[in-house]
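With UniProt numbering, letter number 15 in the sequence shown gets 15, and the count goes up by one each step, no holes.
No lab work stands behind these hints: they were computed from the structure. Treat each hint with caution, since some may be false.
As a list, the in silico DSS-like pairs of lysine-lysine whose alpha-carbon atoms are at most 25 Å apart [claimed, not checked]:
(1) K59 to K17
(2) K282 to K419
(3) K283 to K59
(4) K280 to K59
Since we're looking at a predicted model, the values are computed, not measured.
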Amino acid sequence: MTVGGSPSGTGSRHPVKIFANIFISFIGAGVLGLPFAFKEAGILEGILVMTLVGLISVKAMLLIIECKYQLIRDNRVAVPVDGTVNKDYIPDHDSVEDGLKTSSKSQEEMVNLIEEHRDTVSHKDHKEARISVDLSYGDVGYHALGHVGRVFVDVAIIISQAGFCCAYLIFISENLSDYFPHMKIVHWLCILLPPLSMMTLLRHLGSLALTSLMAQCSNLLAFAVVFWFDFEHIHNVEIHPKKMSIKGLPFFLCIAIYCYEGAGMILSLEGSLAADIRHKFKKFFVFTMFIVTTLYITFGCAGYLSFGPETNAIITLNLPKGESLDFAMIVKSFLCLALFFTYPVMMFPVMKILEVYMISDPGKSIWRGNVLRMSMVLITGCIVLVIPNFANLMALVGATCCTMLAFTLPGLFHMSIFKGSLTVCQVVIDWTLIFLGILG
(Lines of atoms letter the chains of each structure in order from A and count residues from 1; the text may use other names and numbers.)
(Lines give C-alpha, C1' and ligand atoms only; values in the text may rest on other atoms or scores of the structure.)
Protein backbone atom coordinates (compact mmCIF):
# COMPACT_ATOMS: atom_id res chain seq x y z
CA MET A 1 0.00 0.00 0.00
CA THR A 2 1.08 3.51 -0.59
CA VAL A 3 -0.23 5.04 2.53
CA GLY A 4 1.97 7.80 3.83
CA GLY A 5 4.04 7.60 6.97
CA SER A 6 3.63 9.48 10.20
CA PRO A 7 4.50 13.08 10.62
CA SER A 8 7.56 14.02 12.58
CA GLY A 9 7.25 13.35 16.25
CA THR A 10 4.16 11.10 16.00
CA GLY A 11 5.72 7.92 14.63
CA SER A 12 6.66 4.72 16.39
CA ARG A 13 9.63 4.67 18.75
CA HIS A 14 9.16 1.40 20.62
CA PRO A 15 11.25 -1.43 19.07
CA VAL A 16 8.52 -4.03 19.60
CA LYS A 17 5.92 -1.93 17.79
CA ILE A 18 8.33 -1.25 14.92
CA PHE A 19 9.13 -4.95 14.65
CA ALA A 20 5.43 -5.85 14.72
CA ASN A 21 4.55 -3.36 11.96
CA ILE A 22 7.22 -4.74 9.63
CA PHE A 23 6.51 -8.37 10.53
CA ILE A 24 2.76 -8.09 9.93
CA SER A 25 3.34 -6.40 6.56
CA PHE A 26 5.17 -9.49 5.24
CA ILE A 27 3.20 -12.34 6.81
CA GLY A 28 0.14 -13.19 4.78
CA ALA A 29 -1.74 -15.96 3.01
CA GLY A 30 1.21 -16.62 0.70
CA VAL A 31 2.95 -18.60 3.44
CA LEU A 32 0.21 -21.26 3.21
CA GLY A 33 1.36 -22.18 -0.30
CA LEU A 34 5.01 -22.64 0.68
CA PRO A 35 4.82 -26.36 1.65
CA PHE A 36 3.39 -27.15 -1.81
CA ALA A 37 6.11 -25.02 -3.41
CA PHE A 38 8.76 -26.99 -1.49
CA LYS A 39 7.14 -30.17 -2.78
CA GLU A 40 7.50 -28.91 -6.36
CA ALA A 41 11.10 -27.67 -6.04
CA GLY A 42 12.57 -29.87 -3.31
CA ILE A 43 13.96 -29.19 0.15
CA LEU A 44 17.51 -28.09 -0.70
CA GLU A 45 16.51 -26.05 -3.73
CA GLY A 46 13.66 -24.43 -1.80
CA ILE A 47 15.87 -23.36 1.09
CA LEU A 48 18.50 -21.95 -1.26
CA VAL A 49 16.05 -20.06 -3.48
CA MET A 50 14.04 -18.66 -0.57
CA THR A 51 17.23 -17.41 1.08
CA LEU A 52 18.45 -15.75 -2.13
CA VAL A 53 15.06 -14.19 -2.85
CA GLY A 54 14.96 -12.87 0.70
CA LEU A 55 18.42 -11.30 0.45
CA ILE A 56 17.75 -9.75 -2.95
CA SER A 57 14.29 -8.48 -1.94
CA VAL A 58 15.67 -6.79 1.17
CA LYS A 59 18.44 -5.15 -0.85
CA ALA A 60 15.96 -3.95 -3.48
CA MET A 61 13.61 -2.48 -0.88
CA LEU A 62 16.46 -0.64 0.81
CA LEU A 63 17.36 0.86 -2.59
CA ILE A 64 13.94 2.56 -2.59
CA ILE A 65 14.81 4.12 0.79
CA GLU A 66 18.14 5.30 -0.65
CA CYS A 67 16.31 6.85 -3.60
CA LYS A 68 14.07 8.81 -1.25
CA TYR A 69 16.98 10.36 0.63
CA GLN A 70 18.91 11.06 -2.55
CA LEU A 71 15.92 13.05 -3.80
CA ILE A 72 15.92 15.01 -0.55
CA ARG A 73 19.68 15.65 -0.71
CA ASP A 74 19.32 16.89 -4.28
CA ASN A 75 16.46 19.21 -3.20
CA ARG A 76 14.21 17.57 -5.76
CA VAL A 77 11.37 17.31 -3.23
CA ALA A 78 10.01 19.99 -0.92
CA VAL A 79 11.63 20.01 2.54
CA PRO A 80 9.49 21.81 5.13
CA VAL A 81 11.38 24.12 7.51
CA ASP A 82 8.61 24.70 10.03
CA GLY A 83 8.34 21.13 11.25
CA THR A 84 5.36 20.24 9.09
CA VAL A 85 5.40 17.75 6.28
CA ASN A 86 4.00 18.30 2.80
CA LYS A 87 3.23 14.68 1.89
CA ASP A 88 3.33 13.28 -1.62
CA TYR A 89 4.74 16.60 -2.93
CA ILE A 90 5.14 16.64 -6.67
CA PRO A 91 5.74 19.95 -8.51
CA ASP A 92 2.62 21.00 -10.44
CA HIS A 93 0.73 17.91 -9.25
CA ASP A 94 -2.21 17.54 -6.92
CA SER A 95 -1.48 15.34 -3.93
CA VAL A 96 -3.90 12.81 -2.56
CA GLU A 97 -3.89 11.56 1.03
CA ASP A 98 -6.65 9.31 2.42
CA GLY A 99 -8.96 10.27 -0.42
CA LEU A 100 -8.91 14.02 0.29
CA LYS A 101 -7.55 16.12 -2.56
CA THR A 102 -5.48 19.16 -1.58
CA SER A 103 -3.67 21.56 -3.84
CA SER A 104 0.14 21.57 -3.55
CA LYS A 105 2.25 24.72 -3.53
CA SER A 106 4.16 25.20 -6.73
CA GLN A 107 7.87 24.47 -6.71
CA GLU A 108 8.70 28.18 -6.95
CA GLU A 109 6.52 29.07 -3.95
CA MET A 110 8.03 26.28 -1.88
CA VAL A 111 11.59 27.35 -2.71
CA ASN A 112 10.76 30.96 -1.72
CA LEU A 113 9.25 29.71 1.54
CA ILE A 114 12.38 27.71 2.36
CA GLU A 115 14.67 30.67 1.63
CA GLU A 116 12.51 33.03 3.70
CA HIS A 117 12.65 30.87 6.81
CA ARG A 118 16.09 29.34 6.47
CA ASP A 119 17.70 31.84 8.84
CA THR A 120 15.07 31.31 11.54
CA VAL A 121 15.37 27.55 11.78
CA SER A 122 18.12 25.76 13.65
CA HIS A 123 20.33 23.22 11.91
CA LYS A 124 18.93 20.42 14.08
CA ASP A 125 15.31 21.31 13.29
CA HIS A 126 16.04 21.55 9.57
CA LYS A 127 17.79 18.18 9.59
CA GLU A 128 14.85 16.57 11.37
CA ALA A 129 12.44 18.14 8.89
CA ARG A 130 14.43 16.61 6.02
CA ILE A 131 14.29 13.21 7.69
CA SER A 132 10.54 13.46 8.24
CA VAL A 133 9.66 14.04 4.58
CA ASP A 134 7.30 11.29 3.42
CA LEU A 135 7.20 10.00 -0.15
CA SER A 136 5.22 7.17 -1.66
CA TYR A 137 6.58 4.53 -4.05
CA GLY A 138 4.75 6.34 -6.85
CA ASP A 139 6.45 9.63 -5.94
CA VAL A 140 9.87 8.01 -6.29
CA GLY A 141 8.79 6.61 -9.65
CA TYR A 142 7.67 10.07 -10.76
CA HIS A 143 11.03 11.65 -9.94
CA ALA A 144 12.90 8.75 -11.55
CA LEU A 145 11.00 8.29 -14.82
CA GLY A 146 8.36 11.02 -14.85
CA HIS A 147 4.66 10.20 -15.17
CA VAL A 148 5.54 6.86 -16.76
CA GLY A 149 7.29 5.80 -13.55
CA ARG A 150 4.26 6.70 -11.46
CA VAL A 151 1.94 4.81 -13.82
CA PHE A 152 4.15 1.69 -13.69
CA VAL A 153 4.00 1.70 -9.89
CA ASP A 154 0.27 2.37 -9.75
CA VAL A 155 -0.58 -0.36 -12.27
CA ALA A 156 1.63 -2.89 -10.47
CA ILE A 157 0.05 -2.06 -7.12
CA ILE A 158 -3.48 -2.28 -8.52
CA ILE A 159 -2.93 -5.68 -10.13
CA SER A 160 -0.94 -7.17 -7.27
CA GLN A 161 -3.32 -5.99 -4.52
CA ALA A 162 -6.36 -7.13 -6.52
CA GLY A 163 -4.58 -10.45 -7.11
CA PHE A 164 -4.09 -10.89 -3.37
CA CYS A 165 -7.82 -10.26 -2.86
CA CYS A 166 -8.64 -12.91 -5.49
CA ALA A 167 -6.36 -15.38 -3.73
CA TYR A 168 -8.20 -14.68 -0.47
CA LEU A 169 -11.56 -15.43 -2.08
CA ILE A 170 -10.22 -18.71 -3.49
CA PHE A 171 -8.77 -19.72 -0.14
CA ILE A 172 -11.99 -19.01 1.76
CA SER A 173 -14.16 -20.75 -0.83
CA GLU A 174 -11.99 -23.88 -1.07
CA ASN A 175 -11.67 -24.29 2.68
CA LEU A 176 -15.38 -23.81 3.32
CA SER A 177 -16.21 -26.19 0.47
CA ASP A 178 -14.18 -28.84 2.27
CA TYR A 179 -16.94 -28.91 4.91
CA PHE A 180 -19.84 -28.19 2.54
CA PRO A 181 -18.97 -30.21 -0.58
CA HIS A 182 -22.31 -29.50 -2.25
CA MET A 183 -21.45 -25.78 -2.36
CA LYS A 184 -19.56 -24.59 -5.44
CA ILE A 185 -17.21 -21.62 -5.61
CA VAL A 186 -19.85 -19.49 -7.34
CA HIS A 187 -22.20 -20.05 -4.39
CA TRP A 188 -19.56 -18.90 -1.90
CA LEU A 189 -18.85 -15.82 -4.00
CA CYS A 190 -22.53 -14.89 -3.89
CA ILE A 191 -22.33 -15.05 -0.09
CA LEU A 192 -18.94 -13.31 0.33
CA LEU A 193 -19.02 -10.49 -2.21
CA PRO A 194 -21.98 -8.44 -0.85
CA PRO A 195 -20.53 -7.87 2.68
CA LEU A 196 -17.05 -7.30 1.22
CA SER A 197 -18.53 -4.69 -1.12
CA MET A 198 -20.00 -2.86 1.85
CA MET A 199 -16.67 -2.86 3.71
CA THR A 200 -14.79 -1.49 0.71
CA LEU A 201 -17.05 1.58 0.80
CA LEU A 202 -15.12 2.84 3.85
CA ARG A 203 -13.05 5.83 2.79
CA HIS A 204 -10.39 5.92 5.51
CA LEU A 205 -7.84 3.29 6.50
CA GLY A 206 -8.38 4.10 10.18
CA SER A 207 -11.95 2.79 9.84
CA LEU A 208 -10.48 -0.62 9.04
CA ALA A 209 -8.06 -0.67 11.99
CA LEU A 210 -10.20 -3.03 14.08
CA THR A 211 -10.77 -5.51 11.26
CA SER A 212 -7.06 -5.40 10.42
CA LEU A 213 -6.15 -6.20 14.03
CA MET A 214 -8.62 -9.09 14.11
CA ALA A 215 -7.19 -10.41 10.86
CA GLN A 216 -3.59 -10.37 12.06
CA CYS A 217 -4.45 -12.04 15.37
CA SER A 218 -6.36 -14.75 13.52
CA ASN A 219 -3.45 -15.24 11.11
CA LEU A 220 -0.89 -15.68 13.86
CA LEU A 221 -3.09 -18.10 15.79
CA ALA A 222 -3.70 -20.19 12.68
CA PHE A 223 -0.02 -20.34 11.74
CA ALA A 224 0.85 -21.33 15.30
CA VAL A 225 -1.61 -24.25 15.18
CA VAL A 226 -0.25 -25.43 11.79
CA PHE A 227 3.30 -25.24 13.11
CA TRP A 228 2.39 -27.18 16.23
CA PHE A 229 0.69 -29.92 14.23
CA ASP A 230 3.56 -30.17 11.74
CA PHE A 231 6.17 -30.75 14.42
CA GLU A 232 3.86 -33.03 16.39
CA HIS A 233 3.10 -35.09 13.29
CA ILE A 234 6.43 -35.10 11.47
CA HIS A 235 7.99 -38.06 13.33
CA ASN A 236 5.09 -40.33 12.29
CA VAL A 237 5.68 -39.81 8.57
CA GLU A 238 8.22 -41.86 6.65
CA ILE A 239 8.99 -40.24 3.31
CA HIS A 240 11.96 -39.58 1.11
CA PRO A 241 11.63 -35.87 0.37
CA LYS A 242 12.54 -34.48 -3.00
CA LYS A 243 15.82 -32.59 -2.69
CA MET A 244 16.01 -30.68 -5.95
CA SER A 245 13.90 -30.23 -9.08
CA ILE A 246 14.83 -27.82 -11.84
CA LYS A 247 11.34 -28.29 -13.28
CA GLY A 248 9.79 -26.82 -10.14
CA LEU A 249 12.19 -23.85 -9.94
CA PRO A 250 10.09 -21.30 -11.88
CA PHE A 251 6.99 -22.07 -9.82
CA PHE A 252 8.87 -21.88 -6.53
CA LEU A 253 10.57 -18.64 -7.55
CA CYS A 254 7.20 -16.99 -8.21
CA ILE A 255 5.74 -18.20 -4.91
CA ALA A 256 8.84 -16.99 -3.04
CA ILE A 257 8.54 -13.52 -4.61
CA TYR A 258 4.83 -13.46 -3.78
CA CYS A 259 5.67 -14.03 -0.12
CA TYR A 260 7.56 -10.71 -0.04
CA GLU A 261 4.38 -8.91 -1.05
CA GLY A 262 5.09 -6.01 1.32
CA ALA A 263 7.68 -4.51 -1.03
CA GLY A 264 5.28 -1.77 -2.09
CA MET A 265 4.90 -0.67 1.55
CA ILE A 266 8.57 -0.09 2.32
CA LEU A 267 8.37 3.73 2.28
CA SER A 268 5.23 3.69 4.40
CA LEU A 269 6.96 1.44 6.92
CA GLU A 270 10.00 3.73 7.03
CA GLY A 271 7.72 6.72 7.36
CA SER A 272 5.90 5.14 10.32
CA LEU A 273 8.97 5.67 12.53
CA ALA A 274 9.45 8.87 14.49
CA ALA A 275 11.77 11.27 12.65
CA ASP A 276 14.53 11.11 15.23
CA ILE A 277 14.98 7.34 14.89
CA ARG A 278 14.42 6.82 11.16
CA HIS A 279 18.14 6.42 10.67
CA LYS A 280 17.76 3.11 12.57
CA PHE A 281 15.12 1.76 10.20
CA LYS A 282 17.60 -0.33 8.21
CA LYS A 283 18.68 -2.26 11.32
CA PHE A 284 15.08 -2.90 12.37
CA PHE A 285 14.13 -3.92 8.84
CA VAL A 286 17.04 -6.30 8.22
CA PHE A 287 16.56 -8.02 11.60
CA THR A 288 12.81 -8.44 11.06
CA MET A 289 13.25 -9.77 7.53
CA PHE A 290 15.79 -12.32 8.81
CA ILE A 291 13.09 -13.58 11.20
CA VAL A 292 10.46 -13.56 8.45
CA THR A 293 12.65 -15.47 5.97
CA THR A 294 13.56 -18.04 8.63
CA LEU A 295 9.86 -18.47 9.38
CA TYR A 296 9.07 -18.96 5.68
CA ILE A 297 11.73 -21.65 5.29
CA THR A 298 10.77 -23.46 8.48
CA PHE A 299 7.05 -23.36 7.69
CA GLY A 300 7.56 -24.61 4.14
CA CYS A 301 9.96 -27.41 5.09
CA ALA A 302 7.89 -28.58 8.07
CA GLY A 303 4.69 -28.69 6.03
CA TYR A 304 6.25 -30.64 3.17
CA LEU A 305 8.11 -33.07 5.42
CA SER A 306 4.89 -33.76 7.33
CA PHE A 307 2.82 -34.73 4.29
CA GLY A 308 5.36 -35.46 1.56
CA PRO A 309 3.90 -36.17 -1.91
CA GLU A 310 0.39 -35.67 -0.51
CA THR A 311 1.01 -31.99 0.27
CA ASN A 312 -1.86 -29.89 -1.09
CA ALA A 313 -1.66 -26.45 -2.73
CA ILE A 314 -3.06 -25.02 0.53
CA ILE A 315 -1.48 -26.73 3.53
CA THR A 316 -4.64 -26.44 5.63
CA LEU A 317 -6.34 -28.98 3.35
CA ASN A 318 -3.91 -31.60 4.73
CA LEU A 319 -4.93 -31.13 8.35
CA PRO A 320 -6.96 -34.01 9.89
CA LYS A 321 -10.71 -33.77 10.39
CA GLY A 322 -13.08 -35.50 12.76
CA GLU A 323 -10.63 -36.26 15.59
CA SER A 324 -11.00 -35.26 19.24
CA LEU A 325 -9.29 -31.97 18.43
CA ASP A 326 -10.22 -30.84 14.94
CA PHE A 327 -7.08 -28.98 13.84
CA ALA A 328 -8.52 -28.32 10.42
CA MET A 329 -11.64 -26.62 11.73
CA ILE A 330 -9.65 -24.43 14.14
CA VAL A 331 -7.08 -23.32 11.58
CA LYS A 332 -9.52 -22.81 8.73
CA SER A 333 -11.87 -20.81 10.90
CA PHE A 334 -9.04 -18.49 11.96
CA LEU A 335 -7.67 -18.11 8.45
CA CYS A 336 -10.99 -17.60 6.70
CA LEU A 337 -11.88 -14.93 9.25
CA ALA A 338 -8.46 -13.32 8.86
CA LEU A 339 -8.57 -13.18 5.07
CA PHE A 340 -12.17 -11.99 5.01
CA PHE A 341 -11.23 -8.95 7.12
CA THR A 342 -7.94 -8.44 5.26
CA TYR A 343 -9.71 -8.17 1.89
CA PRO A 344 -10.93 -4.56 2.33
CA VAL A 345 -7.53 -3.50 3.71
CA MET A 346 -5.74 -4.88 0.65
CA MET A 347 -8.32 -3.31 -1.65
CA PHE A 348 -7.91 0.12 0.00
CA PRO A 349 -4.87 1.34 -2.01
CA VAL A 350 -6.44 0.00 -5.22
CA MET A 351 -9.49 2.19 -4.67
CA LYS A 352 -7.42 5.27 -3.84
CA ILE A 353 -5.32 4.93 -6.99
CA LEU A 354 -8.29 4.21 -9.28
CA GLU A 355 -10.25 7.16 -7.88
CA VAL A 356 -7.39 9.50 -8.75
CA TYR A 357 -7.36 8.29 -12.36
CA MET A 358 -11.10 7.80 -12.93
CA ILE A 359 -12.90 10.37 -10.75
CA SER A 360 -12.10 14.08 -10.96
CA ASP A 361 -13.20 14.88 -7.39
CA PRO A 362 -13.50 11.72 -5.24
CA GLY A 363 -14.48 13.76 -2.18
CA LYS A 364 -17.66 15.01 -3.85
CA SER A 365 -18.49 12.15 -6.24
CA ILE A 366 -19.41 9.69 -3.49
CA TRP A 367 -21.81 7.62 -5.58
CA ARG A 368 -19.38 7.31 -8.48
CA GLY A 369 -16.79 6.14 -5.99
CA ASN A 370 -19.23 3.62 -4.53
CA VAL A 371 -19.99 2.19 -7.98
CA LEU A 372 -16.26 1.92 -8.73
CA ARG A 373 -15.58 0.12 -5.45
CA MET A 374 -18.39 -2.37 -5.83
CA SER A 375 -17.40 -2.97 -9.45
CA MET A 376 -13.84 -3.83 -8.41
CA VAL A 377 -15.12 -6.34 -5.86
CA LEU A 378 -17.27 -7.92 -8.58
CA ILE A 379 -14.27 -8.04 -10.94
CA THR A 380 -12.22 -9.96 -8.35
CA GLY A 381 -15.06 -12.47 -8.12
CA CYS A 382 -15.07 -12.90 -11.91
CA ILE A 383 -11.31 -13.43 -11.93
CA VAL A 384 -11.69 -16.17 -9.32
CA LEU A 385 -14.19 -17.97 -11.55
CA VAL A 386 -11.65 -17.88 -14.41
CA ILE A 387 -8.58 -18.83 -12.31
CA PRO A 388 -9.94 -20.88 -9.38
CA ASN A 389 -6.57 -22.35 -8.34
CA PHE A 390 -4.90 -20.75 -5.31
CA ALA A 391 -1.32 -21.79 -6.09
CA ASN A 392 -1.53 -20.84 -9.76
CA LEU A 393 -2.97 -17.43 -8.97
CA MET A 394 -0.24 -16.81 -6.39
CA ALA A 395 2.40 -17.74 -8.95
CA LEU A 396 0.78 -15.55 -11.64
CA VAL A 397 0.66 -12.46 -9.40
CA GLY A 398 4.17 -13.14 -8.12
CA ALA A 399 5.55 -13.56 -11.64
CA THR A 400 4.06 -10.31 -12.94
CA CYS A 401 3.47 -7.42 -10.59
CA CYS A 402 5.36 -8.63 -7.51
CA THR A 403 8.55 -9.07 -9.53
CA MET A 404 8.08 -5.59 -10.98
CA LEU A 405 7.58 -3.95 -7.56
CA ALA A 406 10.24 -5.99 -5.79
CA PHE A 407 13.03 -6.13 -8.40
CA THR A 408 12.58 -4.33 -11.72
CA LEU A 409 11.37 -0.92 -10.57
CA PRO A 410 13.83 -0.52 -7.65
CA GLY A 411 16.71 -1.21 -10.05
CA LEU A 412 15.38 1.20 -12.69
CA PHE A 413 14.59 3.97 -10.20
CA HIS A 414 17.96 3.64 -8.46
CA MET A 415 19.88 3.88 -11.74
CA SER A 416 17.88 6.92 -12.83
CA ILE A 417 18.02 8.88 -9.56
CA PHE A 418 21.70 8.14 -8.90
CA LYS A 419 22.67 8.56 -12.54
CA GLY A 420 26.35 9.52 -12.89
CA SER A 421 27.30 8.72 -9.30
CA LEU A 422 27.03 4.92 -9.21
CA THR A 423 29.98 2.61 -8.74
CA VAL A 424 30.48 -0.42 -10.97
CA CYS A 425 29.22 -2.68 -8.19
CA GLN A 426 26.04 -0.64 -7.77
CA VAL A 427 25.39 -0.70 -11.51
CA VAL A 428 25.81 -4.49 -11.52
CA ILE A 429 23.33 -4.79 -8.63
CA ASP A 430 20.77 -2.60 -10.40
CA TRP A 431 21.04 -4.53 -13.66
CA THR A 432 20.83 -7.82 -11.74
CA LEU A 433 17.57 -6.70 -10.13
CA ILE A 434 16.16 -5.69 -13.50
CA PHE A 435 17.22 -9.01 -15.04
CA LEU A 436 15.66 -11.00 -12.18
CA GLY A 437 12.44 -9.03 -12.51
CA ILE A 438 12.21 -9.79 -16.22
CA LEU A 439 13.21 -13.42 -15.66
CA GLY A 440 10.53 -13.80 -12.99
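Outcome of the hint check:
no., hint, result
1, K59 to K17, "holds, 23 Å"
2, K282 to K419, "holds, 23 Å"
3, K283 to K59, "holds, 13 Å"
4, K280 to K59, "holds, 16 Å"
Going down the numbered hints, you'll see the structure goes against none, and every one checks out.
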